[in-house]
Amino acid sequence: MEVKEFTAASFYRFLDRKKLMGSKCKKCGALFLPPRPFCGQCLENEMEWFQFSGRGKLISYSVVRVGTTMYEEKGYGRDTPYCWGLVQLDEGPRISALLLGADLSRPDSITIGQSLEAIFPDKREEEGERNPVTFRLE
Amino acid sequence: MEVKEFTAASFYRFLDRKKLMGSKCKKCGALFLPPRPFCGQCLENEMEWFQFSGRGKLISYSVVRVGTTMYEEKGYGRDTPYCWGLVQLDEGPRISALLLGADLSRPDSITIGQSLEAIFPDKREEEGERNPVTFRLE
Amino acid sequence: MVRRAKKLTRGVAVIGAGMSHFGAFKEKDSRDLFVEAFQAVLGTVQKGIDPREIEAIYVGNLSSDCFEGQAHVAPIMAEWVGLNPRPATRTEDACASSGVALREGIIAVASGLYDIVLVGGVESMNKLTTARVTDILAAAADAIYEVSVGATFPSLYAQIATVHMDKYGTTEEQLMKVAIKNHDNGALNPKAHFTSSIRDLMNSRIARAKQKGQPIPSWTDEMEFLKDPSANPIVAWPIKLFDCSPITDGAACAILVAEDIARNFTDEPIHVIGTGQASDAQALHGRKDITSLTASKLAAEQAYEMAGVTPKDIQLAEVHDCFTIAEVVATEDLGFFKPGEGSRAAEEGKTARDGEKPINTSGGLKSKGHPVGATGVGQLVEVWEQMSGHAGQRQVARVNLALAHNVGASGSTVVVHIFERR
Amino acid sequence: MVRRAKKLTRGVAVIGAGMSHFGAFKEKDSRDLFVEAFQAVLGTVQKGIDPREIEAIYVGNLSSDCFEGQAHVAPIMAEWVGLNPRPATRTEDACASSGVALREGIIAVASGLYDIVLVGGVESMNKLTTARVTDILAAAADAIYEVSVGATFPSLYAQIATVHMDKYGTTEEQLMKVAIKNHDNGALNPKAHFTSSIRDLMNSRIARAKQKGQPIPSWTDEMEFLKDPSANPIVAWPIKLFDCSPITDGAACAILVAEDIARNFTDEPIHVIGTGQASDAQALHGRKDITSLTASKLAAEQAYEMAGVTPKDIQLAEVHDCFTIAEVVATEDLGFFKPGEGSRAAEEGKTARDGEKPINTSGGLKSKGHPVGATGVGQLVEVWEQMSGHAGQRQVARVNLALAHNVGASGSTVVVHIFERR
Ligand SMILES: [Zn+2]
Ligand SMILES: [Zn+2]
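Quick mapping for you: the protein sequence lines, in order, are chains C, B, Z and E. Its first residue numbered 15, the first sequence is counted upward by one per residue in the numbering used here. Its first residue numbered 15, the second sequence is counted upward by one per residue in the numbering used here. Its first residue numbered 492, the third sequence is counted upward by one per residue in the numbering used here. Its first residue numbered 492, the fourth sequence is counted upward by one per residue in the numbering used here.
Keep in mind the hints are simulated off the structure, nothing from the lab. Please note that the accuracy of each hint is not assured.
[Unchecked claim] The list that follows gives simulated cross-link-like pairs (lysine to any residue, SDA-like), each with its CA atoms no further than 20 Å apart:
1. Lys718(Z) with Leu732(Z)
2. Lys779(Z) with Cys56(C)
3. Lys618(Z) with Ala23(B)
4. Lys779(Z) with Gly43(C)
5. Lys33(C) with Trp63(C)
6. Lys701(Z) with Asp719(Z)
7. Lys40(B) with Phe64(B)
8. Lys829(E) with Val800(E)
9. Lys779(Z) with Ser129(C)
10. Lys41(B) with Arg543(Z)
11. Lys841(E) with His762(E)
12. Lys718(E) with Ser119(B)
13. Lys848(E) with Phe828(E)
14. Lys658(Z) with Pro121(C)
15. Lys18(C) with Lys517(E)
16. Lys498(E) with Asp751(Z)
17. Lys829(Z) with Gln806(Z)
18. Lys32(B) with Leu151(B)
19. Lys517(E) with Lys618(E)
20. Lys803(E) with Ala749(E)
21. Lys779(E) with Cys56(B)
22. Lys779(E) with Ala44(B)
23. Lys829(E) with Thr662(E)
24. Lys18(C) with Lys498(E)
25. Lys32(C) with Arg150(C)
26. Lys498(E) with His762(E)
27. Lys517(E) with Tyr26(C)
28. Lys718(E) with Pro121(B)
29. Lys718(E) with Gly106(B)
30. Lys517(E) with Asn145(C)
31. Lys71(C) with Lys829(Z)
32. Lys779(E) with Gly106(B)
33. Lys41(B) with Pro706(Z)
34. Lys718(E) with Leu118(B)
35. Lys803(Z) with Gly840(Z)
[Said to hold, decoys possible] Every beta carbon over 12 Å from chain E, so not counted as near; a handful from chain B, in silico:
36. Cys42
37. Trp63
38. Glu87
39. Gly115
40. Leu151
Quantities reported herein were computed from a predicted structural model and do not represent experimental measurements. We put the beta carbon where it would ideally sit given N, CA and C, even for glycine.
Assemble the whole structure, with the sequences as input and the hints as a guide.
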């Protein structure tokens, strides 16, 4: 399992191993999630892997009733909506995530600032498909 | 059946009615095949429909053994190649066409300058698909 | 390195701008729409122009390769309007594709390489199903990290809306007012996708129900109509159908010339006095704050600085209202209203045609339509018509200074232009 | 209107050019390839550059939306190399996409808007099957009237080949010589997709057959190998596998600056002294003659005129050899050889590294690889390395005047640039 390169392929392999991994600049300490090979802050390229705790808070969200074909094929739709949003990790960076555990019939019951935790569903996608980053509202 | 506009939709409808139709500039007489709404020669937009005889000569060709997905799905492939080429109509303009009637096992038996005639296979494509412009080597 | 004030080495003016009808035209291909826009622009040049004088063409287009299976559209557009062998270049920055084409055209004239350039944009989207269009548009977000979790464009702007609501108290009702205002404008625009006000739409549905003997809806005004989920269903909460711009086919064109020859073509050229462009993280999660588009602020700052004007001076603006929340945020980012006050400004009618700051008199993307690659130059068409006094029933009192604001995707590209009538 | 001699209002110079490895990298996305090219270009600037000084970025890309489901790539590239919020614009003219990005970068510096611009290109194609890639590339032809009759890119260039053969007597063997020459060059290019000569390929197949105890092929030289349909099968007669450039992933970058500040960065800037771009009918059937690309001739004419040089003066050229016939036609269209004599020139070794007119010393698209959106700037990388004396084993004697020729699709876009070392 090749996870040396700071690529999406590596990120999703780590995710399958239930690790939320980003990159950290060895020079300036900046954290990147998703990982990047090149520091956007000091413009150097000495990165190392950094594992995020998976704990964070909700920044924003939407309850989607007209999804992409990929999500419609997963069974989501007008009467079976899904929710995704932005999560700010305790370590600082933000990530987009599929959000579980909310009452989607009442979108305004979801509260910005709520705590969340990353969950790692067992791989059940088609071969070649990637599991999405997923968080659960606490 | 709407064929007023000088569009691809009109062109292919005419083709289904076994007519090879282009446009003719009322100002300068320039002929366009496929049809265009705007004269590329005098830059005016007074066009009328013009029916081509369907007779012409071969300008160039290729025998294709690795086709597009659409052509592979029609049954063409490495051992069942197809041939397409450029045809110069007697009236002047050129058009790309699927070419029938050649011995595709011997591509060099096809002669540039050979006479051709448009043929109009009965519509047998999937709904929504367009029959290709087709010529037969004589 | 010292930051230099950005300046073009040559002045650039617009001598004409025109567009095709915007709408759903399944029988037409991009090239047909572009010809229609080209013929329209030729008709707007006061003293006329021989199209052969045009030296180059820039075409904005988001994704004809996905929408129509046709990549490499620029030379086709050039050919179909009789402009081969002129250089023909496609620019793409999602929904800002033709705002960027406009900017590249300006830069090219300023460079001295050309004196006369055609800029345009085109998109043909309606041959596909809504589901496929949703997918293709989503590809303009971050396909690896946003689309993977289910992002669609309505749900991206919904993120912005939820935070704007949370931080500033913006309401769903305020956003509905934006839609009502833009439909009111679009109803006066003969080339708009929707040429009905929301009240007219409501009334025609009531009439249809009566005619068919169905239960008659009880809506007494547009707000009741928009609050009824059967009329205005949720797409991506809190974004509803009438918060979204439609899926539109269309094209738009404008002709740019070096300032020193502009009066050969018209006595009333519109001068490009400011241009700005900025980028941002593609994914919303890559940005510190999403109640505003940083790239809008930066692009506007560049354009204002080059033009030497302030937001207060702008008399009319076409802003990128792909969703109602986008218009609210844009009017804040452009400095027309303070952060968080855009929604109230809309509610109070400040952005209406007769308000203090008319926004999207064309109907905006919401009602005029949003053929994504054509949108940026489409905005210039409205600016042109308003500035040259040809906006018909939409005409605002004399406009000497106007702004166009074109956003790519959820704000990873923004282009702002400022135009002056002298 | 009098035709003015095209002239840029400011001089532009290249201060560095670098590329990622070209090859098949299924694990990498466009952004990863672009970062690799960006890091390479930074390393080529003699006196170093703080990347923060870069003011804008132009990215050529044919179709990441189809290849990777990712539209709007320009701001992603900017972000991934730390250049947000700089303006980031994608240009697309099929396989000339980054030749056009280079041209837009030159124009932008000349316009005075920027002093320092990054131009680049990227394409990631190998995540899809060859069949899907064939479809996506075909979309750069005329989707309505060419793809419908079965056009693929090899078969489009096959049309050109059959006419060139008919009119001038060009032979399949002559085209094979082009492939052999380009592989010989690519074998010396550590970043090339194929780093083996055709003879080495042949020998390794013979060795493998021996090892596996299979019948040993009787090829005694490359020509026998290439004439054997089991080794070199027909793709679209008369085009065979070894006439085609491969499906390649890769990226390339260059940094352009205003001439007057070039020496802050390097004592040996490469000056852009000519740029030309022209279009043609997208479909081959829209052209009068297909033994030559009219757009190549016109773009070259513009570039030669601006540069004030003739084809004879050019000491090295990277030309667009997506297929072997394309290189032959290019060397004629660029005026290096008379019409119909390009194939014989190749056969006689005139275009070899030690010939009178070295063509594609990089290995060309054929051997270096053809990540379509990166190809144009990729050509500049070879020009840069040769002109600055860093081409290693490929190095041609001192090169002071070089040309790059980048074709979009079957010739509906062509961009030509001429570079000078002073
Ligand atoms: Zn750092
Ligand atoms: Zn005419």
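Now the hints, each set against the structure:
Simply put, Lys718(Z) and Leu732(Z) have alpha-carbon atoms about 11 Å apart, close enough for the 20 Å limit, and the pair holds. This hinted pair checks out: Lys779(Z) and Cys56(C) have alpha carbons roughly 18 Å apart, not beyond 20 Å. Proposed proximity of Lys618(Z) and Ala23(B) is supported: the alpha carbons are some 12 Å apart, at most 20 Å. At most 20 Å may separate the alpha-carbon atoms for a hinted pair to count; Lys779(Z) and Gly43(C) meet this at roughly 18 Å.
Restraint check for Lys33(C) and Trp63(C): satisfied, since their Cα atoms lie roughly 11 Å apart, inside the 20 Å limit. About 18 Å separates the Cα atoms of Lys701(Z) and Asp719(Z), which keeps this hinted pair within 20 Å; it holds. Distance check on the hinted pair: Lys40(B) and Phe64(B) sit about 11 Å apart at the alpha-carbon level, within 20 Å; holds. Between Lys829(E) and Val800(E) the alpha-carbon distance is near 18 Å, which keeps this suggested pair within the 20 Å criterion.
A threshold of 20 Å between alpha carbons decides the hint, and for Lys779(Z) with Ser129(C) the separation of about 18 Å falls inside it, so the pair holds. A distance of roughly 17 Å separates the Cα atoms of Lys41(B) and Arg543(Z); the hinted pair therefore holds under the 20 Å criterion. Restraint check: the Cα-Cα separation between Lys841(E) and His762(E) comes to about 26 Å, which exceeds 20 Å; the hinted pair is violated. Proximity of Lys718(E) to Ser119(B) is assessed by CA-CA distance (about 17 Å); at most 20 Å being required, the pair is judged to hold.
Pair hint Lys848(E) plus Phe828(E) holds up; C-alpha atoms about 10 Å apart against a cutoff of 20 Å. Distance check on the hinted pair: Lys658(Z) and Pro121(C) sit about 17 Å apart at the alpha-carbon level, within 20 Å; holds. Between Lys18(C) and Lys517(E) the alpha-carbon distance is near 15 Å, which keeps this suggested pair within the 20 Å criterion. For the given pair, Lys498(E) sits about 17 Å from Asp751(Z) by alpha-carbon distance, which is consistent with the 20 Å threshold.
Taking the CA atoms of Lys829(Z) and Gln806(Z), the gap is about 17 Å. The hint holds against a cut of 20 Å. Distance hint between Lys32(B) and Leu151(B) is fulfilled; the C-alpha atoms sit about 18 Å from each other, no more than 20 Å. Restraint check for Lys517(E) and Lys618(E): satisfied, since their Cα atoms lie roughly 5 Å apart, inside the 20 Å limit. Between the alpha carbons of Lys803(E) and Ala749(E) the distance comes to roughly 28 Å, so the proposed pair goes past 20 Å and is violated.
Using a Cα cut-off of 20 Å, the hinted pair Lys779(E) and Cys56(B) holds, with the two alpha carbons roughly 18 Å apart. The suggested pairing of Lys779(E) with Ala44(B) holds, with an alpha-carbon distance near 14 Å, which does not exceed 20 Å. For the suggested pair Lys829(E) and Thr662(E), the alpha carbons sit about 17 Å apart, so the restraint of at most 20 Å is met. For a cut-off of 20 Å, the pair hint linking Lys18(C) to Lys498(E) is broken: about 49 Å separates their Cα positions.
Distance check on the hinted pair: Lys32(C) and Arg150(C) sit about 14 Å apart at the alpha-carbon level, within 20 Å; holds. A threshold of 20 Å between alpha carbons decides the hint, and for Lys498(E) with His762(E) the separation of about 14 Å falls inside it, so the pair holds. Restraint check for Lys517(E) and Tyr26(C): the C-alpha separation of about 14 Å stays at or below 20 Å, so the hint holds. Simply put, Lys718(E) and Pro121(B) have alpha-carbon atoms about 16 Å apart, close enough for the 20 Å limit, and the pair holds.
Annotation: proposed proximity of Lys718(E) to Gly106(B) is violated, straight-line Cα distance about 38 Å (limit 20 Å). Between Lys517(E) and Asn145(C), the direct Cα distance comes to roughly 18 Å. Compliance with the 20 Å bound is thereby established for this hinted pair. Of the pairs offered as hints, the one joining Lys71(C) and Lys829(Z) is violated, with about 28 Å between alpha carbons and a cut-off of 20 Å exceeded. Using a Cα cut-off of 20 Å, the hinted pair Lys779(E) and Gly106(B) holds, with the two alpha carbons roughly 10 Å apart.
Simply put, Lys41(B) and Pro706(Z) have alpha-carbon atoms about 58 Å apart, too far for the 20 Å limit, and the pair is violated. Distance hint between Lys718(E) and Leu118(B) is fulfilled; the C-alpha atoms sit about 19 Å from each other, no more than 20 Å. Straight-line distance between C-alpha atoms of Lys803(Z) and Gly840(Z) comes to about 17 Å, which keeps the hinted pair within the 20 Å bound. For Cys42(B), the non-interface assignment is confirmed: its Cβ lies about 17 Å from the closest Cβ of chain E, beyond the 12 Å cut-off.
No beta-carbon of chain E is positioned within 12 Å of the beta-carbon of Trp63(B); the least distance is around 17 Å. Separation of Glu87(B) from chain E is inadequate, the least Cβ-Cβ distance of about 10 Å not exceeding the 12 Å criterion. Separation of Gly115(B) from chain E is adequate, the least Cβ-Cβ distance of about 15 Å exceeding the 12 Å criterion. Distance check on Leu151(B): its Cβ is at least 14 Å (rounded) from any Cβ of chain E, clearing the 12 Å threshold; non-interface status holds.
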